[in-house]
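*Asks:* Residues per chain, in single letters:
Protein chains: 2
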Amino acid sequence: MSLDLATIQAAHARIRPHITRTPVLTNARLNAACGGKLFFKCENLQKAGAFKARGATNAVFSLADVEALRGVATHSSGNHAAALARAAKLRRIPAYIVMPSNSAKPKIRLVEAYGGRITFCEPNQAAREATCLRLLEETLANLVHPFEDERVMAGQGTAALELLEEIPDLDYLLCPVGGGGLLCGTAVAARALRPQIKIVGTEPAGADDAARSFRAHQRIPLTTSDTIADGLRTSIGQTNFALARQYVDDIVTVSEAGIVAAMHMIWDAVKIVIEPSAAVPYAAIMEQRLDVTHRRVGIILSGGNVDLDALPWIGKKGAP
Amino acid sequence: MSLDLATIQAAHARIRPHITRTPVLTNARLNAACGGKLFFKCENLQKAGAFKARGATNAVFSLADVEALRGVATHSSGNHAAALARAAKLRRIPAYIVMPSNSAKPKIRLVEAYGGRITFCEPNQAAREATCLRLLEETLANLVHPFEDERVMAGQGTAALELLEEIPDLDYLLCPVGGGGLLCGTAVAARALRPQIKIVGTEPAGADDAARSFRAHQRIPLTTSDTIADGLRTSIGQTNFALARQYVDDIVTVSEAGIVAAMHMIWDAVKIVIEPSAAVPYAAIMEQRLDVTHRRVGIILSGGNVDLDALPWIGKKGAP
Chain A
846 MSLDLATIQA AHARIRPHIT RTPVLTNARL NAACGGKLFF KCENLQKAGA
896 FKARGATNAV FSLADVEALR GVATHSSGNH AAALARAAKL RRIPAYIVMP
946 SNSAKPKIRL VEAYGGRITF CEPNQAAREA TCLRLLEETL ANLVHPFEDE
996 RVMAGQGTAA LELLEEIPDL DYLLCPVGGG GLLCGTAVAA RALRPQIKIV
1046 GTEPAGADDA ARSFRAHQRI PLTTSDTIAD GLRTSIGQTN FALARQYVDD
1096 IVTVSEAGIV AAMHMIWDAV KIVIEPSAAV PYAAIMEQRL DVTHRRVGII
1146 LSGGNVDLDA LPWIGKKGAP
Chain B
846 MSLDLATIQA AHARIRPHIT RTPVLTNARL NAACGGKLFF KCENLQKAGA
896 FKARGATNAV FSLADVEALR GVATHSSGNH AAALARAAKL RRIPAYIVMP
946 SNSAKPKIRL VEAYGGRITF CEPNQAAREA TCLRLLEETL ANLVHPFEDE
996 RVMAGQGTAA LELLEEIPDL DYLLCPVGGG GLLCGTAVAA RALRPQIKIV
1046 GTEPAGADDA ARSFRAHQRI PLTTSDTIAD GLRTSIGQTN FALARQYVDD
1096 IVTVSEAGIV AAMHMIWDAV KIVIEPSAAV PYAAIMEQRL DVTHRRVGII
1146 LSGGNVDLDA LPWIGKKGAP
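Protein chains in written order, with my numbering: chain A, 846 to 1165; chain B, 846 to 1165.
Here chain A stands alone, though its shape is the one from the complex (with noise of 0.2 Å):
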């Protein structure tokens, strides 16, 4: 593995002209909360909603002209093929999108959208990466994989360099660990900018394999996962974990409660829509995974792509 700041400082200037340059945003009434300083890097606000349209574009315009020709290709339920999908299109290639025939409706639509070219399959991962597979080669697509891809990484990471351009003095990094692509992007461009920061993971309880396999120091898959965040069900990739141990100081988990209380305190407070994915480094602070008493934290919300019509805390006993 070569990720380093340089790197991910060539992926910012390569991924510049297409993306956003998201807000950070700050609120009193969190701060007052916590009493900490919170500092929001808002990826909800991202192009395709979520930090995914970072690692994504990074890796469609790594390619060469010749490799581009023949597309890209992934599997994804959610973000990543989105994002992917609108690389293409911006590079004017193909993208060939593997999703379970269970995904969310709404993200079928965005990829669609984009002009991304769904083949469904059985929502299991063995379906999904025969599928995809496949696919590879029938078309020899390039294979932009969400998470273990060191162009990926280089991608993810360009949002904390963002962040920490604005805020250098940060004293925490919090972000959610899935497949810990943005775990370790952000981990590797916050430990160069500034050595002393605390890189902390965030986690549902209902899918604490990056957890786990921290404190095991061994990689331990998911057997099962049980959670809202649907962008966390995955298992953290193994060259992501390895990177993980070298840069991460912590990984903490959350409750499915923690999960919608936070998200609802965000969207009440900070008047963004947020996916519960990215709620979930705000569920520690509020659940107390970490003492940010006097701190100042830089929270990356990863997403905000979630069906409006179906809201966790509308119709449910013990909502907020």
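Some hints could be false.
Below are the DSSO-like pairs computed for lysine-lysine, each with C-alpha atoms no more than 27 Å apart in a straight line [said to hold, decoys possible]:
no., chain 1, residue 1, chain 2, residue 2
1, A, 882, B, 934
2, A, 952, A, 934
3, B, 952, A, 882
4, B, 1043, B, 882
5, A, 934, A, 1043
6, A, 934, A, 950
7, B, 934, B, 952
8, A, 952, B, 1043
9, B, 950, B, 934
10, B, 882, A, 934
Coverage of chain B stretches by chain A, computed from C-beta distances (three or more under 8 Å per stretch; other residues unrestricted) [what the hints assert, rightly or not]:
no., region
11, 914-928
12, 1106-1113
Simulated restraints, written as ranges between beta carbons of each label pair [stated by the list, open to error]:
no., chain 1, residue 1, chain 2, residue 2, range
13, B, 858, A, 964, 56 to 62 Å
14, B, 950, A, 876, 20 to 26 Å
15, A, 1060, B, 1139, 56 to 62 Å
16, B, 1071, A, 988, 43 to 49 Å
17, B, 947, A, 1155, 48 to 54 Å
18, B, 1152, A, 849, 43 to 49 Å
19, A, 876, B, 915, 47 to 53 Å
20, A, 871, B, 950, 21 to 27 Å
To be clear, the hints were calculated from the coordinates, so they are not data collected in a lab.
Quick caveat: nothing in here was measured; it's all calculated off a predicted structure.
The beta-carbon is built from N, C-alpha and C at its ideal position, and this holds for glycine as well.
Given chain A, work out where chain B should sit, using these hints.
*Replies:* Quick look at chain B alone, frame taken from chain A:
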């Protein structure tokens, strides 16, 4: 009236340390839908959740020290109340707020959170004014009217100032109209900075006094109102109407269904929380009340204070 660009620029210098410079967001999907280019000035991300922080802060910080000591007072069911309480707290003076007894609970809580001293009254205009007058006599506080106040209008005009600083070449500038404070500040600032700009006020058909007054060339106050846009149930003020006739190009109206559809669309595409009043300008575009094809259109999203547990598109027939 001496409201002019210089007054608005002075207001901006005065309030800048106390308010957020809100971001201007764009969205490819909404641009594609209307054929124009939309620039959303996000006052929903403003302190206390609405542009009202600008006017109230300008009024409070315009007071001489000796006046300020007696505090400020107003009657308001909504965002102006919270904004005034917040500004008073910043200056460490009391804020006396008359609120109708049927005010929305989140708005009451917000005023309380900023330390506002609330007096409840019967929910009608006469009771509001009588109660406020009594309070003014008892406390000798300074009245800060929500819109018929030059300091308030000058403050509200600073949003357009910032927007035009970032995007100078707008063809249109749209904002909602209630009492007309935002419309007048916006129109005076924009007309001075860009004489050829078209300034369009947008209003719910269910509270269309400003549109009717504009066409009749005389002020016709509301006798009743029926709209989900709770910030716009007020009649346009006398001084506000006089200024609007001078500076505004048109006032158009939108349907209730259009407001809800526009609100849903902005949440879904732009990933931000806006209140119904803030959706009215985009509703005017969706309902083709003006032709924005190939035009660059500034839209002031007025606020984001909405009850997340009672969204208008949930549990209603005919929701989008």
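*Asks:* Name the hints, by number, that the structure is in violation of.
*Replies:* 5, 8, 11, 16, 17 and 19
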